[in-house]
Each structure stands twice: as structure tokens, then as C-alpha cells.
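Enquirer: Going down the list, the sequences are from chains A and B.
For the first sequence, UniProt numbering begins at 1 and goes up steadily by one.
For the second sequence, UniProt numbering begins at 1 and goes up steadily by one.
Hint data in this document are derived by calculation from the structure and do not stem from the laboratory.
Hints should not be assumed to be uniformly reliable.
No copy is singled out in the list; a pair is fine if it fits within one copy or between any two copies.
Said to hold, decoys possible - Under the rule of at most 27 Å between Cα atoms (straight-line distance), these lysine-lysine pairs were calculated in the BS3-like manner:
| no. | residue 1 | residue 2 |
| --- | --- | --- |
| 1 | Lys9 | Lys161 |
| 2 | Lys9 | Lys129 |
| 3 | Lys23 | Lys9 |
| 4 | Lys16 | Lys129 |
| 5 | Lys23 | Lys161 |
| 6 | Lys23 | Lys79 |
| 7 | Lys23 | Lys137 |
| 8 | Lys96 | Lys16 |
| 9 | Lys23 | Lys166 |
| 10 | Lys9 | Lys166 |
| 11 | Lys96 | Lys161 |
| 12 | Lys16 | Lys79 |
| 13 | Lys16 | Lys161 |
| 14 | Lys96 | Lys9 |
| 15 | Lys23 | Lys96 |
Values in this document were obtained by computation on a predicted structure and should not be read as measured data.
Protein chains: 2
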Amino acid sequence: MQYPEPIAKLIESFMKLPGIGQKTAARLAFFCLDMDEEAVLAFADALIRSKRDLHQCAICGNITESDPCNICSDNTRDKSIILVVENPRDIMSMEKIREYHGLYHVLNGVLSPMEGTGPEDLNIASLIKRLQDETVKEIIIATNATAEGEATAMYLSRLIKPAGIKVTRLAYGLAVGSDIEYADEMTLFRAIDGRREL
Amino acid sequence: MQYPEPIAKLIESFMKLPGIGQKTAARLAFFCLDMDEEAVLAFADALIRSKRDLHQCAICGNITESDPCNICSDNTRDKSIILVVENPRDIMSMEKIREYHGLYHVLNGVLSPMEGTGPEDLNIASLIKRLQDETVKEIIIATNATAEGEATAMYLSRLIKPAGIKVTRLAYGLAVGSDIEYADEMTLFRAIDGRREL
Chain A
1 MQYPEPIAKL IESFMKLPGI GQKTAARLAF FCLDMDEEAV LAFADALIRS KRDLHQCAIC
61 GNITESDPCN ICSDNTRDKS IILVVENPRD IMSMEKIREY HGLYHVLNGV LSPMEGTGPE
121 DLNIASLIKR LQDETVKEII IATNATAEGE ATAMYLSRLI KPAGIKVTRL AYGLAVGSDI
181 EYADEMTLFR AIDGRREL
Chain B
1 MQYPEPIAKL IESFMKLPGI GQKTAARLAF FCLDMDEEAV LAFADALIRS KRDLHQCAIC
61 GNITESDPCN ICSDNTRDKS IILVVENPRD IMSMEKIREY HGLYHVLNGV LSPMEGTGPE
121 DLNIASLIKR LQDETVKEII IATNATAEGE ATAMYLSRLI KPAGIKVTRL AYGLAVGSDI
181 EYADEMTLFR AIDGRREL
């Protein structure tokens with residue numbers, strides 16, 4: 001005996017999502033059965049609309065309904081700084097702190113020889129193009145603090161610096177609220193290395 | 001700045017699912033953006049069809065496309081035994097072992113004074129009705145091994161036994177492959193209590 005076909009298909013769809021195995025998928029699918037019809041239709045509609053109405057901004061690669069995106073077309077933002085991130089979610093994290101008022105550029109990934117991701121698979125050509133067109137003075141590289149993120153930062157830095165543009169990287173160090181006792185060795189090393197005068 | 005509306009709605013929908021918080025919802029929503037269109041449309045379609053085409057079997061309460069469900073309408077099954085479960089997923093678990101060939105009854109929950117679930121909120125009336133109509137000889141109560149599952153089993157047993165029908169409960173004991181060292185006290189107590197001659 002198998003699940004009725006519609007629920008089997010729904011379980012299959014949930015299993016395609018990252019970190020969701022068969023048991024969780026079944027739990028989620030049965031939960032959807034118990035949701036009111038309106039909520040389920042809204043869910044289905046959001047899936048369809050997300051796929052149909054959202055595109056990458058032609059300038060920065062951010063996810064957007066309009067093109068160029070709200071940030072690229074906002075004249076109050078500082079067009080002399082571009083902060084380079086791995087994916088659109090990182091832009092949201094940056095925007096939440098309301099401290100950065102420049103532009104962004106989404107790489108859509110990082111260099112990863114292990115996964116076969118080379119420079120040509122990332123939005124690097126469009127970044128270089130922006131440097132020629134615009135009056136950019138600084139590039140802040142905000143890739144993740146992983147080996148791949150670091151390698152990508154180094155690669156971009158070597159590519160951009162010769163053009164006479166300042167290239168910076170987010171600071172490494174102790175996370176606010178963290179204990180030195182539990183910090184890993186590399187983080188402590190970077191925290192000492194990057195110490196600042198009080 | 002906020003997410004573009006379609007993705008915000010999609011994140012909101014994912015957050016309605018059990019065990020999925022804001023960060024996971026955002027990760028899943030962005031993952032859907034990267035899926036190919038066919039898979040996303042199939043996902044949306046499965047959601048809509050699950051809600052539209054699936055109903056509760058009028059006899060046993062199982063989730064089904066046809067009514068009565070495949071199990072209730074299967075003449076090869078033993079109609080003298082009904083196994084009572086909390087929800088339709090439990091039926092799937094039972095069917096997987098291919099050892100039980102009787103009928104089922106889905107309570108759609110358990111008695112829980114804490115959550116305000118009383119006998120009238122469960123499919124108990126329809127179970128009692130089946131006992132009058134059919135030639136049922138045994139009821140196997142397969143509610144979960146929780147306090148609520150146990151209370152529900154006791155309640156059903158007191159309700160059904162006076163009608164002269166045999167009422168049984170799944171065995172308690174050590175899970176196969178488990179260590180006695182790590183078994184909790186109640187399980188060990190039940191395992192000794194329910195010991196069988198070799």
C-alpha cells in the first residue's frame with residue numbers, strides 16, 4: 001500500500017528541499033492537509049509567483065521584481081562603494097543593520113574547485129564591467145568566512161586592485177557575546193592579528 | 001528594505017509549517033527560486049491537489065482519493081479486526097511491515113485535557129457505529145506510547161469491552177536493537193512486566 005498519489009507527490013516535492021528527509025517530508029505534507037484551504041492556495045501561489053515574477057537585477061544580481069532592483073535604482077545610496085556578497089540573502093542581513101548605504105553585487109556562489117565552480121560560473125564579469133562604467137572607489141568583499149569565501153576574496157582582490165580601486169574585507173574576530181574559552185584557534189589568531197587601539 | 005513580495009509570501013508560507021523558523025524558511029524559499037520551473041510548478045500543483053482531491057474515508061477516517069478508501073473496500077482483508085491509530089501516517093507505518101491484514105480506524109488525535117481535546121473531538125462515535133454494524137471480534141489499540149496515547153487506550157477499552165468485543169493494546173518493551181543500559185526505567189519495567197516464555 002502506498003500513499004494516495006497527491007500526497008505522495010507532495011512528499012516527493014518536500015524531499016527535494018535541502019535538509020528534509022522522507023519522514024520530515026511526510027510530516028510536512030500531512031500538516032498541509034490540515035491547513036485551511038486559503039493558506040494552502042496562498043502557499044501554492046507564492047511558489048508560482050516567486051518563480052514567475054522574480055528575476056536577477058541586471059546590474060547587481062539581487063533578486064527583484066523590478067529591474068534594476070530597488071537598491072540599484074535608489075539615488076540616495078552611495079554609488080562609490082560596492083559590497084560583494086555570495087547570495088541575495090546576505091544583502092538582507094546587511095540591510096537589517098541599517099549601517100551600510102552603498103550598493104551591492106551578488107556573486108551567486110563562491111570559487112570552489114571541489115564543486116567545479118570557477119570564476120566564469122560567478123557574476124564576476126558583470127562586477128568588472130560596473131567598475132569601468134561607474135565611479136566606484138571601494139569594493140568591500142563580504143564573502144563568508146570559509147575557505148572558499150576567503151579564496152574568492154583573494155581572487156577578486158588580485159583582479160580589482162590593479163585598476164586602482166580600494167579593496168577591503170569584513171573584519172575577522174570574536175563574535176559579539178561569545179566566550180574566548182569557546183572560540184576556535186583560527187578565530188583567536190585573527191582576533192589578535194586584527195586588534196585595535198582603544 | 002524588505003524581500004520582494006513574492007518571496008516574502010513564500011517565506012511566510014514555509015514558516016507556517018511545524019519546526020520551520022524564519023531562517024530555515026528563507027533558506028527553503030531561496031532554494032525554490034533556484035529549482036527548475038517544472039519542479040516548482042509540480043510542488044504547487046501537489047499542494048493544490050492534496051487539498052482538493054483528498055478526503056477522509058467515511059468509514060475509517062484514513063486519507064484517501066476514493067471513498068471508501070482502498071483498505072476499507074478491499075474484500076481480501078480480515079473485517080473482524082480493527083486497529084485503531086492516532087493519524088493516517090500510522091497506517092502507513094503498519095502497512096509497511098506487511099504483517100497486519102485487518103481494517104483500521106483513525107482517531108485523528110488523542111484525548112488531551114491540556115489541549116482541550118475530549119472524546120467528542122475524536123473519531124470515536126464512528127468507531128462505535130462500526131462495532132454495531134459489523135462483525136468485529138477484536139479491536140487493537142495502537143495509539144502512541146505517550147501519557148495521552150495510554151489514556152486514550154484506557155478510555156476506548158472501557159467503552160468497547162462491555163459490548164463483548166476483545167480489546168488489545170500493542171506490546172511495550174525494548175525496541176529491537178536497543179541497549180538495556182540506555183532504556184528508560186518505565187520501558188524496562190514494562191519489559192519485565194510483559195516478559196514471555198522462551
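Enquirer: All hints are to be evaluated individually against the structure, with a verdict given for each.
Expert: Cross-check of the supplied hints:
1. Lys9 - Lys161: neither (51 Å within a copy, 41 Å between copies)
2. Lys9 - Lys129: neither (44 Å within a copy, 34 Å between copies)
3. Lys23 - Lys9: both (14 Å within a copy, 25 Å between copies)
4. Lys16 - Lys129: The answer is neither: 36 Å in one copy and 42 Å across copies each exceed 27 Å.
5. Lys23 - Lys161: neither (50 Å within a copy, 35 Å between copies)
6. Lys23 - Lys79: neither (49 Å within a copy, 30 Å between copies)
7. Lys23 - Lys137: neither (52 Å within a copy, 33 Å between copies)
8. Lys96 - Lys16: between (30 Å within a copy, 23 Å between copies)
9. Lys23 - Lys166: neither (50 Å within a copy, 33 Å between copies)
10. Lys9 - Lys166: For Lys9 and Lys166, neither the intra-copy (52 Å) nor the inter-copy (39 Å) Cα distance is at most 27 Å.
11. Lys96 - Lys161: Neither: 29 Å inside a copy, 62 Å across copies.
12. Lys16 - Lys79: neither (39 Å within a copy, 39 Å between copies)
13. Lys16 - Lys161: Neither: 41 Å inside a copy, 47 Å across copies.
14. Lys96 - Lys9: between (37 Å within a copy, 18 Å between copies)
15. Lys23 - Lys96: between (35 Å within a copy, 14 Å between copies)
Violated hints, listed in ascending order, are 1, 2, 4, 5, 6, 7, 9, 10, 11, 12 and 13; each of the other numbered hints is respected by the structure.
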